[in-house]
Amino acid sequence: MLADEGHEVVAVTMKLWGGVQDSGCCSVGDVEDARRVAQQLGIAHHVFNFTDEFEGHVVAPYVAAHAAGRTPNPCIDCNRYLKFDRLMARAEQLGFDALATGHHARICNGRLLRGADRAKDQSYVLYRLTTPQLRRVMFPVGALTKSEVRRRAAALGLRTAAKPDSQETCFITASGGREQFLGARIPLHPGRVVAVDGSPLGAVPAVELVTVGQRRGLGGGAQSRRYALAVDVPGGTVTVGTLDELSCTGVAVEDVTWVAGAAPSGEVSLSVQLSAHGRPLPARWCNGTVEFERPQRRPAPGQAVVLYDGDAVVGGGTAG
Amino acid sequence: MEPWLTGRYGNPSGSHAIAREARQAVDEARDVVAALLGCDPGEVVFTSGGTEADNLAVSGVAGAARRRGAPADVVCSAVEHHAVLHSVEAQGGRVVPVDAGGRVDLGALADAVGPGTALVSVMLANNEVGTLQDLAAVAAVIAERSPGAVLHTDAVQATAWLDLVVHAAPTHLVSIAAHKFGGPQGVGALVVRRGVALEPLLRGGGQERDRRSGTHNVAGIVGMAAALAAVADDRDAAVAAVAARRDRLVAGVRAASDGVTETAAGVPRLPNIAHLRVAGTESEALLVLLDDEGVCASAGSACASGALEPSHVLSAMGVAGDEARSALRLSLGRTTTDEDVDRAITVIAGAVQRLRAPVGAHR
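Chains as they are written, first to last, in our numbering: chain A, 266 to 585; chain B, 936 to 1298.
Just chain A, with the same shape it has in the complex (with noise of 0.2 Å):
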C-alpha cells in the first residue's frame, strides 16, 4: 500500500525472543514467511535482533509484575519501548522519515484513533504513544478491516493471507502457559485464600498467578460466586468477595502519559477502556482519577487505564 502510494519501502523483522514460542513475530517460520512477503512486494527485508532490549523492558516485567501480584502489560511495552522507541531510533539512524506497523488504528491530524474495524482496533496497547512519535508512524491498515486486509494479500498472492490472527502473549505457549513460564523464572507459591473478615475459604497453588477479579480457580460453590478482590503476594493470601464486593467507582491511575504531551486541564468527561478488546465506559477524569459514571469491576492493579475522547486516545496509565 505505501509503495503504491510512491514511499521508498524497506521491511524489517524484530527478532525479540529466542526462546520456545507458538507463534508470535520471531519464529523461524514467521521470519521467513515475512522475507518471502517482501521478496513478493519486491522490497529489502532485514531483520534486527533486539532480544536484549525485548528481555530486558517486557518480560523481566512481565515476571517482577507476577512477582508483585500485579497484572503485566506486555504489548503495551513492547509497543512502548521497542517499537516504537528502540526500533523507530534505528530507523532514524539509517535515514528512514516513518515506520510503518500493521496496527489496526489510524492517525488523523497528530491524534491516534481506533482502526477502523471495531472488532481488531488495537488502539489500546497504542496509548503510550506520543504526538511528536505519532508524526513518524503510519499504520497503513487501520483504515481497513482485516477481512479487507486480507483480501487485498490474496488479491497479491502473499502467502500470508491465510495465516491464523496472532494471539495471546508471544513468548507464552498454549502448552506450557504462564504457570510453567513463570515457575521456571520465579518461584510459585501456595496461597491461602480468604474472605474479607479474614475466615479461611481454601487454597490456590501459586498465588503469582491469581488477578484481582479473576473468578476461576478459587473455589466455592456455585451459590456463592467469588472473586478475587485483593492478590497479596508476600502474605500469600487472595481475598476474595462477591461481585459487589469487587465493584467500585472510580481508580486511580498511576505513571500517565498522554498523547498530546500534557494532561488536559480541570475536570473532563472521556471514555475509559480496561482491557484491550473491552468496552468504552463513560467517565469522568479529575486529578490523576478516573470515576466512573457506573460503579464497574474493580481493574486490578498494573492493569492499562486507557483514556479516549470518542475514537481519539487521549492517554493512559496504570491501575494503582
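Keep in mind that a hint or two might mislead.
Straight-line Cα separation of at most 25 Å, SDA-like style, residue types lysine to any residue; simulated pairs [as the list claims (entries may be wrong)]:
#1 K348(A) <-> A1292(B)
#2 K385(A) <-> G294(A)
#3 K348(A) <-> P1245(B)
#4 K348(A) <-> E1219(B)
#5 K348(A) <-> R1291(B)
#6 K411(A) <-> G526(A)
#7 K348(A) <-> V302(A)
#8 K348(A) <-> E1258(B)
#9 K385(A) <-> L359(A)
#10 K348(A) <-> L1097(B)
#11 K348(A) <-> E1244(B)
#12 K348(A) <-> G1215(B)
#13 K348(A) <-> T1272(B)
#14 K348(A) <-> P1293(B)
#15 K348(A) <-> A1176(B)
#16 K348(A) <-> A1220(B)
#17 K348(A) <-> D1226(B)
Just so you know, the hints here were simulated from the structure itself, not pulled from any lab data.
Go by the hints and put chain B onto chain A.
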C-alpha cells in the same frame, strides 16, 4: 563444470560409457585435490561442503571409537565454526578456551586431552577474525597426552590463502569447502589420512570407499578441483597483494574515524579478513547502511531467522556487550581492487558518522 550439468550427466557409479566418463572426471578431480592438499587420492572424501566434512570428522571418529569399544571423547577450541562446535557438543565433548588473540590455550588443551580422547579439532584459520592456529604445537600436545587421538582441522577459511600441504601436515583430518576458494557452493571434501577409522554419516551405495554414500556431485567436484588449482597457482602473490590492501583498508577506516579497534591485530592471521570494532555503532545498523552503498560486509554469524547473533568467537576472546555488538568484518578477495578499498573507506566513514550522530539529529 558445464558439460557435467548438461550433456555428460552420467552417474559415476554406473558402468556404461557416459558413467565411465563421469567417473573419470571425478577421479581426475580427486587426483588434483589430493596433490594440492598433500594426501593420497584415496584419502579424499568428497562431501556436500564444509559443514558435512566437519560433522563427518567429529561424529565419524567418535562413532568408530565407540564401535570398537574405545573411549570416544572429543575436544575442540571455543572459536570453532558451529559445524565443529555443535558436533563436539552433541558428542558431549569439551571446549577449550582461547587467548585474547583467538589462539587456543595450549595449557588448557593439555588439561582437556587425556587417554580417553579420540579426536581434537582445532581450525587452521578462524572465519570471523582470521586468527591462525599453531597446529604443530597442538599436535605436540596431543602426542604427549593422548598418542592415539587424531587431530582434525577445519581449513575451510584457510584453503584459499595457505598451502595446506605444509599447514595441514600435522593433522589427520582436514575439511575444505569449495565456495571459499572460488568453487561452487554445496561441495567440499574431508581428507581422512590412512589409518584413521571413520564411521560414515551417510549410508547407502558405499561411494567414497564406504565413508560417504550418495551419488557424486560431478560438476561440483570438477569445479572444486579447478578452483583449488587456480588459487594454488598464484597464491603467494595474491596473499601479499590482498594483505597489503587489507592493511590499507584498516588504516583508512581508522584514520577516518576514532574509536576503531582491529581485532586480533597482533597475531598471525589470514591476509583477507579485517575484523573491526567500531565504538558507538551497532553492527546491524552499520551493515544496512553499507549494504545500501553496495559494500557487502558481515558482523558474525546469523541465526536461522537471519538475525545477527552475539559472536561466540568474540565472546571466547573476551570481547562482550556493546563492544561485541559493534563488530564489522570486511573480507577481501583476489578480485578486490584498490578502488574498491577506497570506496569502502569512504562509505564506512560516512556510515559511522551517521550512526554516531545523536538520535533526532537527522530529523
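Here's how the hints hold up against the structure:
{"no.": "1", "hint": "K348(A) <-> A1292(B)", "verdict": "holds, 21 Å"}
{"no.": "2", "hint": "K385(A) <-> G294(A)", "verdict": "holds, 24 Å"}
{"no.": "3", "hint": "K348(A) <-> P1245(B)", "verdict": "holds, 21 Å"}
{"no.": "4", "hint": "K348(A) <-> E1219(B)", "verdict": "holds, 16 Å"}
{"no.": "5", "hint": "K348(A) <-> R1291(B)", "verdict": "holds, 21 Å"}
{"no.": "6", "hint": "K411(A) <-> G526(A)", "verdict": "violated, 31 Å"}
{"no.": "7", "hint": "K348(A) <-> V302(A)", "verdict": "holds, 20 Å"}
{"no.": "8", "hint": "K348(A) <-> E1258(B)", "verdict": "holds, 24 Å"}
{"no.": "9", "hint": "K385(A) <-> L359(A)", "verdict": "violated, 31 Å"}
{"no.": "10", "hint": "K348(A) <-> L1097(B)", "verdict": "violated, 47 Å"}
{"no.": "11", "hint": "K348(A) <-> E1244(B)", "verdict": "holds, 20 Å"}
{"no.": "12", "hint": "K348(A) <-> G1215(B)", "verdict": "holds, 21 Å"}
{"no.": "13", "hint": "K348(A) <-> T1272(B)", "verdict": "violated, 40 Å"}
{"no.": "14", "hint": "K348(A) <-> P1293(B)", "verdict": "holds, 19 Å"}
{"no.": "15", "hint": "K348(A) <-> A1176(B)", "verdict": "violated, 46 Å"}
{"no.": "16", "hint": "K348(A) <-> A1220(B)", "verdict": "holds, 16 Å"}
{"no.": "17", "hint": "K348(A) <-> D1226(B)", "verdict": "holds, 23 Å"}
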